[in-house]
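Q: Sequence:
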Amino acid sequence: MPLPSRGSRHNEVIEPMQVDIAPEVDQQAAEDNFIIEAATIDLDVFASNYMGLTKLSRLMFVAKHCPALEIDALRMALILNYVKHTFVPRPHYAG
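In terms of numbering that gives the first Met the number 0, the sequence shown opens at residue 0 and continues consecutively.
Keep in mind that the hints were calculated from the coordinates and are not lab data. Check the hints yourself; a few may be wrong.
EDC-like mimics (lysine to aspartate or glutamate), calculated; alpha carbons at most 16 Å apart, straight line [unchecked claim]:
id	residue 1	residue 2
1	Lys63	Glu36
2	Lys54	Glu69
3	Lys54	Asp43
4	Lys54	Asp41
5	Lys54	Asp71
Work the whole structure out from these sequences, hints included.
A: Now the structure itself:
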């Protein structure tokens, strides 16, 4: 119940809405823990929809969440040597 007003509207205390209250369950942790046992996607077609870091990120996501495609997704990322062929070394980054 909101506190009663004591004068001007600027001094009113407003009670937070239920949607403003932080959930007790860590939503991010819950989303990271799912596993897909039976994959129905063609990994080559799926990966061809992406490029750059997004492609690498999607392949790693599939490898993490789908044991049936894990080896193929990791192999695709490694065989293509994706990072090496996509990103040109910059001289100012050389250490």
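Q: Mind listing which of the numbered hints don't hold for this structure, in increasing order?
A: The structure breaks none of the hints.
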